[in-house]
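Asks: Each chain is listed here by its residues.
There are 2 protein chains.
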Amino acid sequence: MALTLTPLPGLPLVQPGDDLSELILAGLDRAALRLQEDDILVLAQKIVSKAEGRIVRLADVTPGARAIELAQATQKDARLVELILAESREVVRYRPGLIVVEHRLGFVCANAGIDHSNVAEGDDCYLLLPDNPDDSAARLRAELRAASGKRTGVVIIDSHGRAWRTGTVGVAIGLAGMPGCEDLRGQPDLFGYELQATEVGVADELAAAASLMMGQAAEGTPVVHVRGFPYPAREGALSELLRDKGRDLFR
Amino acid sequence: MALTLTPLPGLPLVQPGDDLSELILAGLDRAALRLQEDDILVLAQKIVSKAEGRIVRLADVTPGARAIELAQATQKDARLVELILAESREVVRYRPGLIVVEHRLGFVCANAGIDHSNVAEGDDCYLLLPDNPDDSAARLRAELRAASGKRTGVVIIDSHGRAWRTGTVGVAIGLAGMPGCEDLRGQPDLFGYELQATEVGVADELAAAASLMMGQAAEGTPVVHVRGFPYPAREGALSELLRDKGRDLFR
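Quick mapping for you: the protein sequence lines, in order, are chains A and B.
In this text, residue positions in the first sequence follow this note's numbering: the first is 1, and each later residue adds one.
In this text, residue positions in the second sequence follow this note's numbering: the first is 1, and each later residue adds one.
Bound-form chain A, shown alone:
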C-alpha cells in the first residue's frame, strides 16, 4: 500500500470568515479526488488562521516595558514582540532576529509562530496561530463528514525550526481523527527483542510530508490530500506530541 499526497490545486486566497470545508471540497473536485474513509486533509496554519480572522494590525498594538526591552535585545519591532509575548507562556532563548518561546499552545517555536508573510491586508498586518488548532481541526472534520459522509482525519501544520538542524520542517499544531504520537513499545521486532525508542511522532511525520508538497511560498497549495496513512484512525490531540517540561533536557 502506498502513501499518496496530492496538493489541491486552485484554492483561492482565504479571507476571514471563509468556509474552509467548502474550499477544500471544491479543491478535491478540481483534483478529481473523491473523499474516502480514512483519507486525511493537511492544512497550512495560515489559511486556518486567516479564515478565523486571527489578523492583527501592528498599528493597534501598544508594547509594554518587557516587549520594549526584548525588542532592543533582538532588534525587532516592539509591537511585534508584544504580540509574541502575548501568545507565549515563556521566552526560552533569544538572539538578534529570533525569539524562541513556549507558545501558549504548549510547543516551542520561533516568534510564537507569528508571521507577516502572505497577509493581504497590508504591510503592518500579522497573523497569529489559530486560537485552538485541535478544535479547528475537529470542526473542519465534522463539516467534511457532514458534507461527504466520510470520516477523515485533519491536521493543521506549521513550519518549525529544530534545535540542532538547519531548515524548517512541517509539524502538526492541531489534529483530529488521527493519532498524534503512536507508542509501539513492547512490540517485539523480528528477533524477539522489545523495541526501545518507539514512540513515533506520526502526525509530525505526516506534517513534514505534506509540507514538502506545500512549499513555503505556495499560497496556492495550502491543502494536501493524503491517502494511505498507515496508522488506524482514532481520536488524537496535539498534546500527544508535546514533551512534558519535566522531561525536557534542553531549556
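Hints should not be assumed to be uniformly reliable.
It does not matter which identical chain is used: a pair holds within one copy or between any two.
Said to hold, decoys possible - Result set (SDA-like, lysine to any residue): computed pairs, CA atoms no more than 25 angstroms apart in a straight line:
hint, residue 1, residue 2
1, Lys76, Lys245
2, Lys76, Tyr94
3, Lys76, Gly246
4, Lys150, Thr4
5, Lys76, Asp124
6, Lys76, Val92
7, Lys76, Leu249
8, Lys245, Asn132
9, Lys150, Asp19
10, Lys76, Thr198
11, Lys245, Glu22
12, Lys150, Pro63
13, Lys150, Gln36
14, Lys245, Arg93
15, Lys245, Ala163
16, Lys245, Gln75
Derived by calculation from the structure, the hints in this document are not laboratory data.
Position chain B relative to chain A; hints supplied.
Replies: Frame of chain A; chain B shown alone:
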C-alpha cells in the same frame, strides 16, 4: 503532481556483504515499479549498516574509565557506553537510560544511533551507523544508475527524538543526488513580501514521510520508493542539514 511513497515488499533480511542495489531492484520488480529519472530511494539506516558489516559484539568491547563513570550515571552497560563514546564527538546531555551526543557525523542524537534491535547475530550485538552515510548513498546511487540507466536520489534515514516534542521522526543521515536543505529566501510570496524563515529541510521532510511507511518494527520494509519529490535533483550532502555549533542556542 502527487508525491507517492511505496514501501518495497519482500526484502530479505540483510546480511553483511549483501548488495543493496540488487535487493532494491528486485524489490522494485515485486512492487511492479520501474525506476524513472528523479525517483528517490529512501533506506533505513539499519540495512545499510548491516550490509556494511557495522556490527559489534559487546563481548569484544573493553570500557574505559569515562565509559564506566557515564554508565553508572545512566544505568547503561559500560561496554555499550564505550561504543557510544567512540562514535561521538561530545556528550550533550544525559540522564538514566539516555545519552544525547553529537555524533561523529555531526548531528545530535540519542545513544549515538547505536541499536541492538533487529540484529540477527545474538543478544550482545549492536549496530553502529554507517561509516559515512553520504558515501554509502552515493555508491548506491551509482550502482542503481549503472543497473537501470536512471539518475535517482538516495537518502539514508534514521529515527531521531526531538528536544521538545515526544516521538521520534525520520531524519536524513546521508544523501546523494538530491537537496538536503533548500534556501528559498528572497523569493517573493504572493503579496511581494520576501519570505523570511525559508530554509527548508527538504531531505528531512522526505525522511519523515518515508519513515511513516517503514514503521519501526518493520524490518520487512526498510526501503521506500518515492516519486514526485517537488525539488530539482542536485548534488546534496548531510552537511546542509547540520546547524553550525556557533549558532546553536541549545547546548
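Asks: Confirm or reject each hint.
Replies: These are the hints, each one checked on the structure:
1. Lys76 to Lys245: Between copies, since 24 angstroms is at most 25 angstroms while 28 angstroms is not.
2. Lys76 to Tyr94: Classified as within: same-chain Cα gap 11 angstroms, cross-chain 35 angstroms, threshold 25 angstroms.
3. Lys76 to Gly246: Intra 31 angstroms, inter 22 angstroms, cutoff 25 angstroms: inter-copy only.
4. Lys150 to Thr4: For Lys150 and Thr4, both the intra-copy (18 angstroms) and inter-copy (23 angstroms) Cα distances are at most 25 angstroms.
5. Lys76 to Asp124: Answer is within; shortest intra-copy Cα gap is 13 angstroms, inter-copy 54 angstroms.
6. Lys76 to Val92: Classified as within: same-chain Cα gap 17 angstroms, cross-chain 31 angstroms, threshold 25 angstroms.
7. Lys76 to Leu249: Answer is between: at 18 angstroms across copies they meet the 25 angstroms cutoff, but 28 angstroms inside does not.
8. Lys245 to Asn132: within (20 angstroms within a copy, 35 angstroms between copies)
9. Lys150 to Asp19: Only inside one copy: Lys150 and Asp19 sit 18 angstroms apart there, 45 angstroms across copies, limit 25 angstroms.
10. Lys76 to Thr198: between (40 angstroms within a copy, 18 angstroms between copies)
11. Lys245 to Glu22: Neither: 39 angstroms inside a copy, 47 angstroms across copies.
12. Lys150 to Pro63: Answer is neither: 47 angstroms inside a copy and 58 angstroms across each miss the 25 angstroms cutoff.
13. Lys150 to Gln36: For Lys150 and Gln36, only the intra-copy Cα distance (6 angstroms) is at most 25 angstroms; the inter-copy one is 35 angstroms.
14. Lys245 to Arg93: both (15 angstroms within a copy, 15 angstroms between copies)
15. Lys245 to Ala163: both (16 angstroms within a copy, 10 angstroms between copies)
16. Lys245 to Gln75: Only across copies: Lys245 and Gln75 sit 22 angstroms apart there, 29 angstroms inside one copy, limit 25 angstroms.
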